[in-house]
Structure formats: C-alpha cells, structure tokens
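S.K.: Single-letter residue listing:
Number of protein chains: 2
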Amino acid sequence: MKVTMKIDIRKFIEANQLRTLKSILEDQDAATIIDMIDELPVEEKLIVFRLLPKELAAQVFSELDPTDQTKLLSLFKEERVRDILNYMDPDDRTDLFDELPANVVKKLLEYLSPEERKRAIELLNYPPNSAGRLMTPEFVDLKEHLTVEEALEHVRKTGKDKETVYVLFVIDKTRKLKGTVELKDLIFADPGIKISEIMDPDPLYVHTTDDQEEVARFMSDHDLIAVPVVDSEQRLVGVITIDDIVDIIEEEATEDIQKMANMGVSYESYFHTKTTRFFKNRVFWLIALLIFESFSGVIITKYQDFLRTFAVLAAFIPTMIATGGNAATQTSALIIRAMATGEIELRDWWRVLLKELWVSVLLGASLAVVMMVRAHFTSPVLDVTLGVSCALLVMVVFSGVTGALLPFFARLLKIDPAFMAGPVVATIMDVMGVAIYFYVVSMFIK
Amino acid sequence: MKVTMKIDIRKFIEANQLRTLKSILEDQDAATIIDMIDELPVEEKLIVFRLLPKELAAQVFSELDPTDQTKLLSLFKEERVRDILNYMDPDDRTDLFDELPANVVKKLLEYLSPEERKRAIELLNYPPNSAGRLMTPEFVDLKEHLTVEEALEHVRKTGKDKETVYVLFVIDKTRKLKGTVELKDLIFADPGIKISEIMDPDPLYVHTTDDQEEVARFMSDHDLIAVPVVDSEQRLVGVITIDDIVDIIEEEATEDIQKMANMGVSYESYFHTKTTRFFKNRVFWLIALLIFESFSGVIITKYQDFLRTFAVLAAFIPTMIATGGNAATQTSALIIRAMATGEIELRDWWRVLLKELWVSVLLGASLAVVMMVRAHFTSPVLDVTLGVSCALLVMVVFSGVTGALLPFFARLLKIDPAFMAGPVVATIMDVMGVAIYFYVVSMFIK
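Protein chains in written order, with the working numbering: chain U, 2 to 447; chain F, 2 to 447.
Any given hint could be a false lead.
Note that identical chains are pooled: a pair holds if it fits in a single copy or bridges any two copies.
[Unchecked claim] Taking lysine to aspartate or glutamate pairs in the EDC-like style, the calculated list, with each CA pair at most 16 Å apart, reads:
{"id": "1", "residue 1": "K55", "residue 2": "E15"}
{"id": "2", "residue 1": "K78", "residue 2": "E27"}
{"id": "3", "residue 1": "K185", "residue 2": "E154"}
{"id": "4", "residue 1": "K174", "residue 2": "D93"}
{"id": "5", "residue 1": "K415", "residue 2": "E44"}
{"id": "6", "residue 1": "K163", "residue 2": "E183"}
{"id": "7", "residue 1": "K12", "residue 2": "D203"}
{"id": "8", "residue 1": "K158", "residue 2": "D191"}
{"id": "9", "residue 1": "K107", "residue 2": "D36"}
{"id": "10", "residue 1": "K161", "residue 2": "D186"}
{"id": "11", "residue 1": "K195", "residue 2": "E145"}
{"id": "12", "residue 1": "K174", "residue 2": "E234"}
{"id": "13", "residue 1": "K107", "residue 2": "E123"}
{"id": "14", "residue 1": "K174", "residue 2": "E145"}
{"id": "15", "residue 1": "K12", "residue 2": "E40"}
{"id": "16", "residue 1": "K415", "residue 2": "D191"}
{"id": "17", "residue 1": "K158", "residue 2": "D186"}
For the record, the hints were derived by calculation from the structure and aren't laboratory data.
When you get a sec, could you build the whole thing from the sequences and use the hints?
M.R.: This is the structure in structure tokens:
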C-alpha cells in the first residue's frame with residue numbers, strides 16, 4: 002500500500018512556518034489531511050482550516066466528526082462558515098445539519114446562497130436514514146433525442162462539479178426518469194446515434210423514501226456505481242453514489258455490533274464520544290438486565306432447602322447457565338447477521354428452527370459427555386453426574402431453539418433483531434437455565 | 002425501490018415452455034436471475050444455465066454459492082464448463098478455484114485458453130486474502146506521450162471487455178506505474194493536450210501482497226472507484242474495483258460478528274452451510290469455554306461450608322457474574338469494532354483504559370444502588386445488602402477494565418481481537434466474578 006506522507010503539522014505551527022505548511026496541505030487529498038489533523042486539538046485544526054483553499058476546506062470539513070464540526074463552526078469567522086457550507090456537497094451538508102440543534106440549522110441556512118438553501122431544505126424534508134437524505138441533487142441529465150455527440154458536449158458543459166458523470170440520466174419534459182446511460186457507452190457508441198437507442202430504457206432506481214440500508218444492499222447486489230432516486234411520481238430528484246454506500250455498510254455493521262452488545266448506538270468515533278455519553282448508552286441495558294436476572298435469584302431461593310442438603314450443586318450453576326448463554330449467543334449472532342444481509346426472512350423461521358434444533362442436539366450430546374467427566378471429579382455420586390449432564394443436554398437444546406427464535410420474535414414485533422444477542426440472550430438463558438437445572442436435577446436426586 | 006420482476010421459473014420448466022423462459026432470462030441482469038434461481042434445486046438450476054447465453058451464464062455462475070458452483074461444474078457438459086470458465090472474470094475465477102480441491106483446479110485449468118490459463122495461475126500464486134487475489138488483470142493502460150484524443154481512441158479500441166474504463170493507468174515501457182487519469186478528465190480536457198499533463202503523477206496504489214481488508218479501508222477512506230495494484234518493482238499488474246470492495250466490507254463484518262459470538266467462520270450463506278459444518282464450527286468453543294468455566298465450580302466448592310451457612314448468597318451468583326459479563330461485553334465489543342475500523346491502535350491502550358475505568362466506576366456505582374434495593378427484598382440483613390452491592394461495584398469496575406484490555410492483549414498476541422467478545426469475555430468474567438463475589442462478601446459476613 003502506498004504510505005501516505007505523515008507530516009507533523011504541530012511542528013510547522015510551532016515554528017510558525019505557515020506558508021510552507023499551506024503549500025504542503027494544498028497538495029494533499031482530503032483523506033490524507035484528515036489523517037494528519039485528526040488528533041490535533043480543535044484550536045490547531047482551526048489554524049489548518051485557515052490555510053486550506055475553500056473547496057478543499059469544505060471537503061475536509063465534511064469528513065470530520067460531528068463534535069469537531071460543531072465546535073469549528075462556532076469558532077470560524079462568518080466568511081469561512083459561508084464558504085464551507087456553500088462548497089460542501091449537499092448530501093454531506095444534510096448529514097451535518099442532522100446532527101445540529103434546529104435553531105443552529107436555521108441560522109446556518111441563512112448563510113447559504115438562495116439556490117443552495119432551497120436544496121438544503123428539500124433534502125432535510127426527507128425522513129431520516131432514507132435515500133432522500135443520502136442523495137445529492139447534483140447529476141447530469143440528458144434528453145432522449147440528443148445524439149451521442151451532443152450528449153458528450155452536454156456532459157462537458159455541465160458535468161464538471163457533479164458528483165458523478167459515469168452514469169447519466171435520461172429524463173423527459175416532466176423530469177420523469179426514462180433511462181440511464183453509462184459514460185463509457187457514450188465513448189464506445191457511434192457519435193451520430195441517438196441516446197434513446199443506447200440507453201437502458203428500464204433502469205434500476207430507488208425511491209426517496211427507501212431505507213438507506215436497503216439501498217446499500219440493492220446497489221451492492223447489482224454492482225451499481227450510481228443509482229437514480231425518484232419521487233413518488235417517478236420524477237428524477239437525485240443520485241446516490243457508491244462511495245456513500247460504502248460508508249453506510251460500515252456504519253450499519255458498527256451499529257449492529259453495538260446493538261448486539263446491548264448498548265445504545267454511537268455514530269461518533271470512540272475517542273470523540275464523551276464518557277457521560279458512553280455511560281448513558283450502557284446503563285439502561287445493564288440495569289434492565291440486572292433486574293430481569295433477579296428472577297434467577299427468586300428461583301434459586303425457592304430451591305434453598307434442596308441446595309442446603311446438596312451444596313455441591315451450587316458449583317454447577319455458573320457452568321450450566323453460561324454454556325446455555327454461549328450456545329444461544331452463537332445461534333442468535335448467526336441468524337441476526339443473516340437477517341441483516343437479507344438472506345434470512347421472517348418466513349424462513351421454520352427452516353431455521355429445524356436446522357438449529359438438529360445442531361443443538363449434536364452439541365448438547367457432545368457437551369453432556371464432557372460434563373459427565375467434569376461432574377465426576379467434583380462429586381463421584383452417579384445421581385449427581387447423570388442429573389447434571391442430562392440438565393446440560395436439555396439446556397443446550399433449549400438454548401439453540403431460543404437463540405434461533407428470538408431474532409424472529411424481535412422482527413415480528415418490529416424491534417431490530419440485533420438486540421437479541423449477547424447480553425440479552427445470555428440473561429434470558431440464565432433465568433431459564435437456573436429453572437431447567439434445578440427442575441431436571443431434582444428429578445435425579447431425591 | 003424498483004421491485005425486480007419475480008418469475009416462478011419452476012412453472013415454465015414444468016410446462017416445458019423453455020423457449021419463453023429463455024427469452025425472459027436473456028433480458029435480466031445477473032443479480033435478478035440469482036434472485037430467481039437461488040432456491041431451486043441444483044437440477045433445475047442446470048436447466049436454467051442451459052438457456053442462458055455464454056456471457057450471462059458466466060456472470061450468474063460467478064455469483065452462486067461455492068457449494069452450488071462445485072455441484073454444477075460436475076453436472077455441466079465439458080463444453081459448458083469450458084465456456085463458463087473462459088468467460089468468467091479472472092478475479093471471480095480465482096475465488097472459485099480457492100474453494101475447490103487442488104486436483105479439481107488442475108483439471109479445470111486445462112479447459113482454459115492458454116492465455117486465460119497463464120492469468121489464472123498467476124493470480125493463484127498470490128497469498129490468500131491479498132490484493133493480488135482480488136485484482137483483475139484486465140485494465141486499460143496508456144502511455145504518457147499520447148494526446149487526449151489518442152487516449153480516447155485507445156479506450157474505444159481496447160476498453161470494451163475491461164472491468165473498468167473510468168480509471169485509466171499510465172505506465173512506462175517497463176510497465177511501471179507513472180500515473181492515473183480518470184475517464185472524465187479525458188472528456189473535460191482539450192483533445193490535443195498530452196496525457197502527462199492531465200494525469201495524477203502521484204497516484205494512490207496498493208501492493209499485490211496487501212491484505213484485502215486494508216485495501217478496502219484504503220479505498221473507502223479515499224473514495225476511490227478503482228485502485229491500481231503494483232508488484233514489488235512498482236510494475237502495474239492489476240486493478241481492484243469498488244464493487245469487489247463492497248463485498249469485502251460485508252464479508253469482514255460477518256466474519257467479525259461470527260468471531261465475536263466465538264464460533265468458526267463460515268463464508269457460505271446460512272442455508273447452504275451443512276448442519277455438520279455448523280456443529281464443528283461451534284463445538285470446539287463450547288467445550289473449551291465449558292472446561293474453563295469449571296474453575297468457577299472449583300471456587301464455589303471451596304466456599305461450600307460458607308454457602309451452607311448463608312444459602313441465600315447462592316441466589317446472587319447468577320446476577321453477579323451475568324452483570325460482570327454484560328458490562329465487559331459492551332466494552333469489548335466497542336473496542337473490537339473501533340480496532341476493526343482502524344480507529345483504535347495498539348498504542349492507544351492507555352487512553353482507552355482510562356476512559357473505560359471512568360465509565361465503569363459510574364456504571365458500577367449506579368448498579369450497586371439498584372442491587373442494594375434488590376438484595377434488601379431477598380434478604381433484609383444489612384451485612385448481606387452491603388456485601389452484595391459492594392461486590393457488584395468491584396465486579397463492574399473490574400469487568401470494564403478487563404473488557405477494555407482483552408482486545409489489546411489479543412492484538413499483542415497476534416490473535417484477532419474479535420474473539421475477545423461475547424462468550425469468551427462472559428466466561429472469563431464468570432470465573433473472576435465468582436472469586437470476587439465470595440471474597441468481597443465474606444469480608445462483610447462473618
């Protein structure tokens with residue numbers, strides 16, 4: 002991999018060699034600059050922004066963390082705010098506005114040129130996480146009757162500051178989407194031929210209200226580098242490009258992993274998230290799980306006398322419930338991910354259940370054998386050994402089934418299945434596990 | 002979203018209307034056909050393949066699951082195997098060969114044309130998961146001295162069956178990479194100008210041996226739609242396009258989630274993975290965790306007499322260890338993901354530890370209060386209430402620290418940090434939790 006130059010910006014600032022720094026920065030791309038300034042305090046970021054040309058400044062600004070963006074906006078001079086906001090891509094701007102309080106957005110909108118303001122307000126009106134929020138209204142449109150040569154001329158004239166010119170969109174007088182043409186098709190085609198003859202008259206598209214995750218899956222399945230976005234009347238209103246989709250896919254995976262660890266989702270990067278925010282993200286789940294877990298205590302208290310007589314049985318409680326939790330976690334994680342990538346649908350519950358039941362029986366039998374050996378060392382009484390192993394077998398089968406069904410159950414209730422993982426599953430299995438354990442074991446040991 | 006036509010292929014096959022089916026299929030793209038045939042038995046897939054034109058057949062075949070690919074290859078007539086293999090993109094072909102036994106690959110290589118065979122063997126020589134395996138050797142190369150007009154003519158002549166023409170690569174006589182030009186730059190530039198004047202003379206590139214995950218991150222950070230791949234002597238040998246990267250990012254997230262649930266990784270889709278495979282993927286971890294978990298039993302056995310006297314204390318064991326496991330799971334999942342996306346590096350361990358310590362103290366204090374109320378209901382003895390709450394506070398702080406450090410520890414040992422999640426963390430916390438619980442509680446209750 003090409004190692005991008007790592008410059009210690011601080012040294013230049015301390016030595017006051019700002020002119021040299023400026024000429025170095027101007028040669029970098031936005032991603033490299035982000036890399037260089039990411040760990041600087043916001044005051045030094047401010048200095049760097051002063052040195053950047055307007056367009057590059059807007060690009061770098063777009064890639065910053067929302068907390069940094071907000072701080073910088075309050076430190077910038079009005080002129081700089083105006084430049085950056087107007088030069089930002091409309092989709093990145095919507096992203097920023099989403100993070101800010103409504104009164105700040107209102108003020109910032111005033112800095113935009115009338116045309117950009119109109120666009121910004123339109124984009125903000127689409128529902129959160131929809132294709133409308135993600136798209137940019139900057140695209141090149143063509144008319145069917147143009148020749149390839151005229152179309153290329155049109156691309157040359159209007160395409161320079163557009164997000165993409167590799168996919169061009171053919172619309173009619175009412176702006177309805179009629180087809181798409183790839184730029185390469187224009188290059189390969191005879192210059193005199195009509196656009197209507199080479200366009201794809203039945204192009205793939207998405208609606209403004211479609212969820213961004215579905216759009217990401219759609220583009221990835223069809224290997225699209227750009228997809229047109231239409232409104233409810235099939236009028237072309239924007240385009241979503243593949244680079245935004247790559248970010249969505251990463252974000253959604255991060256979101257799923259955070260949900261699977263049962264915590265609130267944080268869209269900011271680790272070091273930019275405040276401690277109190279992390280606290281808030283986690284404390285609700287931990288308390289809820291602790292309270293639910295109390296049921297296991299209620300069950301154990303019920304068996305207190307039994308336990309006083311056979312105190313050795315307490316030694317198996319952690320292993321019993323932990324193994325159940327582990328088996329259920331494996332199953333649910335597998336199914337949650339397959340649901341997220343679109344492979345498993347709600348209607349597949351029966352096929353999944355059968356498969357997991359079978360796997361669980363195999364796992365339960367293997368683990369019961371291991372447990373028998375282990376229990377023999379703790380207590381060589383046959384009743385205990387048999388009771389504990391048998392309880393484990395029941396437990397693992399039960400865990401597999403529960404781990405398989407919980408994500409479906411969540412989906413049925415319109416809850417994100419990702420929550421039915423890790424801690425939630427482990428806690429449910431703890432409570433069920435204690436019940437199963439004492440019930441099965443008390444049948445063997447009188 | 003555009004609803005792609007869902008045709009019941011079976012009906013056409015049963016009614017023997019193969020000619021109609023053929024004309025329908027010819028109009029679809031590969032992704033739509035995959036959608037339609039995905040759940041058909043392999044014999045019916047075979048019929049569909051007979052109806053598809055060569056190139057489309059190769060595309061559809063590339064998108065199938067490895068198990069289906071292997072089965073179909075054994076059912077196809079020799080002629081069909083020959084066509085499909087020769088028409089497949091070289092990178093997809095490498096992917097397929099990776100899945101097959103060496104002797105099968107050897108036989109299949111004979112079906113390739115001499116030129117394709119040479120390419121296939123070259124690609125197979127790169128290490129698994131490297132940029133070399135992922136790239137395609139099909140790209141358009143230009144020479145510096147060409148004019149824009151000549152370059153466009155060259156693209157027209159040689160670009161038709163290339164994976165991308167949107168990024169063009171400038172090389173010298175020794176095939177060393179000199180620069181890149183985007184197709185749009187050719188369109189916008191004056192036809193008479195030299196390529197050397199408009200190319201990016203310092204382009205971003207990757208090496209054949211770079212890991213695919215790093216390449217994915219690199220392309221996504223720099224918003225590249227294609228990246229050149231060079232060998233150790235900076236000679237251009239291939240190109241990686243963004244559509245392959247989208248797949249890699251999804252695959253890596255799936256892999257991480259499976260590892261975080263502590264199971265073997267399966268690259269096949271859920272329904273195509275055999276039950277025995279799932280069993281093998283999970284059983285090792287479950288047994289290992291069960292054995293490790295036994296230590297908790299050993300500790301409890303040590304406190305057997307104490308427990309006989311204060312049997313009520315058994316009621317808190319599950320809550321205690323579960324809360325520790327939950328808190329540690331949250332922390333480790335957060336850090337594992339931030340490591341995977343490149344935000345947290347090994348050297349950040351100290352900053353992470355401080356932050357997590359602080360969050361854990363806040364969480365521990367809040368949970369101790371909740372626990373005090375709960376313990377009061379189970380046993381209104383002050384010593385028990387205080388002892389249990391205090392043990393929980395120590396437990397949660399300890400969990401936060403452990404959850405934060407385990408991923409760093411794994412990385413230090415060159416183990417994928419993703420394994421330090423869910424079940425592993427929960428099991429470690431179980432054993433530590435039992436020890437902490439009895440130690441702290443026995444200080445309060447004599």
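S.K.: Does each hint fit the structure? Answer for all of them.
M.R.: For each hint, the structure was consulted:
no. : hint         : verdict
1   : K55 to E15   : neither (24 Å within a copy, 65 Å between copies)
2   : K78 to E27   : neither (21 Å within a copy, 59 Å between copies)
3   : K185 to E154 : both (14 Å within a copy, 12 Å between copies)
4   : K174 to D93  : neither (29 Å within a copy, 42 Å between copies)
5   : K415 to E44  : neither (45 Å within a copy, 37 Å between copies)
6   : K163 to E183 : both (15 Å within a copy, 14 Å between copies)
7   : K12 to D203  : neither (57 Å within a copy, 25 Å between copies)
8   : K158 to D191 : between (20 Å within a copy, 13 Å between copies)
9   : K107 to D36  : neither (31 Å within a copy, 45 Å between copies)
10  : K161 to D186 : between (19 Å within a copy, 9 Å between copies)
11  : K195 to E145 : within (7 Å within a copy, 33 Å between copies)
12  : K174 to E234 : within (13 Å within a copy, 54 Å between copies)
13  : K107 to E123 : within (14 Å within a copy, 58 Å between copies)
14  : K174 to E145 : within (10 Å within a copy, 43 Å between copies)
15  : K12 to E40   : within (14 Å within a copy, 61 Å between copies)
16  : K415 to D191 : neither (52 Å within a copy, 56 Å between copies)
17  : K158 to D186 : between (18 Å within a copy, 13 Å between copies)
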